[in-house]
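J.: Sequence:
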Amino acid sequence: AVVSTQSGHYGRDFLNIDGNKTNFDRLVCELETFSEKFSVIGLAETNVDPSLNSLYEIPGYTSYYQSVREGKDKGTGVALYVHESLNCEINKELSQYSTNLEAIFVNITSTTKPITIGS
Numbered sequence: 309a310v311v312s313t314q315s316g317h318y319g320r321d322f323l324n325i326d327g328n329k330t331n332f333d334r335l336v337c338e339l340e341t342f343s344e345k346f347s348v349i350g351l352a353e354t355n356v357d358p359s360l361n362s363l364y365e366i367p368g369y370t371s372y373y374q375s376v377r378e379g380k381d382k383g384t385g386v387a388l389y390v391h392e393s394l395n396c397e398i399n400k401e402l403s404q405y406s407t408n409l410e411a412i413f414v415n416i417t418s419t420t421k422p423i424t425i426g427s
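Under this note's numbering, think of the first position of the sequence shown as 309, with each following residue one higher.
Any given hint could be a false lead.
[As the list claims (entries may be wrong)] Pairs of lysine-lysine residues, derived as DSSO-like cross-links and limited to a Cα-Cα distance of at most 27 Å, are as follows: (1) 382 / 400; (2) 329 / 380; (3) 421 / 400.
[What the hints assert, rightly or not] Computed Cβ-Cβ distance ranges for the label pairs, DEER-style: (4) 322 / 393: 15 to 21 Å; (5) 360 / 421: 29 to 35 Å; (6) 422 / 338: 25 to 31 Å; (7) 337 / 408: 31 to 37 Å.
Please keep in mind that the hints were generated in silico from the structure rather than gathered at the bench.
Even for Gly, the Cβ is constructed at its ideal location relative to N, Cα and C.
Based on the sequences and whatever the hints tell you, model everything.
T.: Shown next, in the form of structure tokens:
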């Protein structure tokens with residue numbers, strides 16, 4: 309659901325982007341069509357290493373990328389984009405990276421009750 313972060317509500321979106329290089333610009337354009345902003349956007353299969361996250365910015369959001377599997381060019385990498393109105397930090401205990409699991413979680417602390425969300 310799309311809800312306003314300014315109203316105190318929380319909204320999230322999750323998308324298997326199937327590669328930032330080919331689909332990220334389309335995602336940003338689609339997000340611009342919504343009158344309200346998501347609080348958090350989760351992406352799977354970004355195929356992007358955290359060192360390149362500055363190439364894939366969404367205005368009004370802070371990005372958090374997990375490492376991608378070495379030697380794998382497709383079907384790897386997860387990311388979270390958190391609306392800039394929210395304070396958050398990476399949850400290192402829940403964020404995992406292995407040959408069998410890729411996950412990134414953040415703790416959002418600027419809400420009435422802290423929220424942990426992941427991709």
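J.: Would you mind marking each hint as holding or not holding in the structure?
T.: Tested hints:
no.: 1; hint: 382 / 400; result: 25 Å, holds
no.: 2; hint: 329 / 380; result: 15 Å, holds
no.: 3; hint: 421 / 400; result: 20 Å, holds
no.: 4; hint: 322 / 393: 15 to 21 Å; result: 20 Å, holds
no.: 5; hint: 360 / 421: 29 to 35 Å; result: 34 Å, holds
no.: 6; hint: 422 / 338: 25 to 31 Å; result: 30 Å, holds
no.: 7; hint: 337 / 408: 31 to 37 Å; result: 34 Å, holds
Hint compliance for this structure: no hint is broken.
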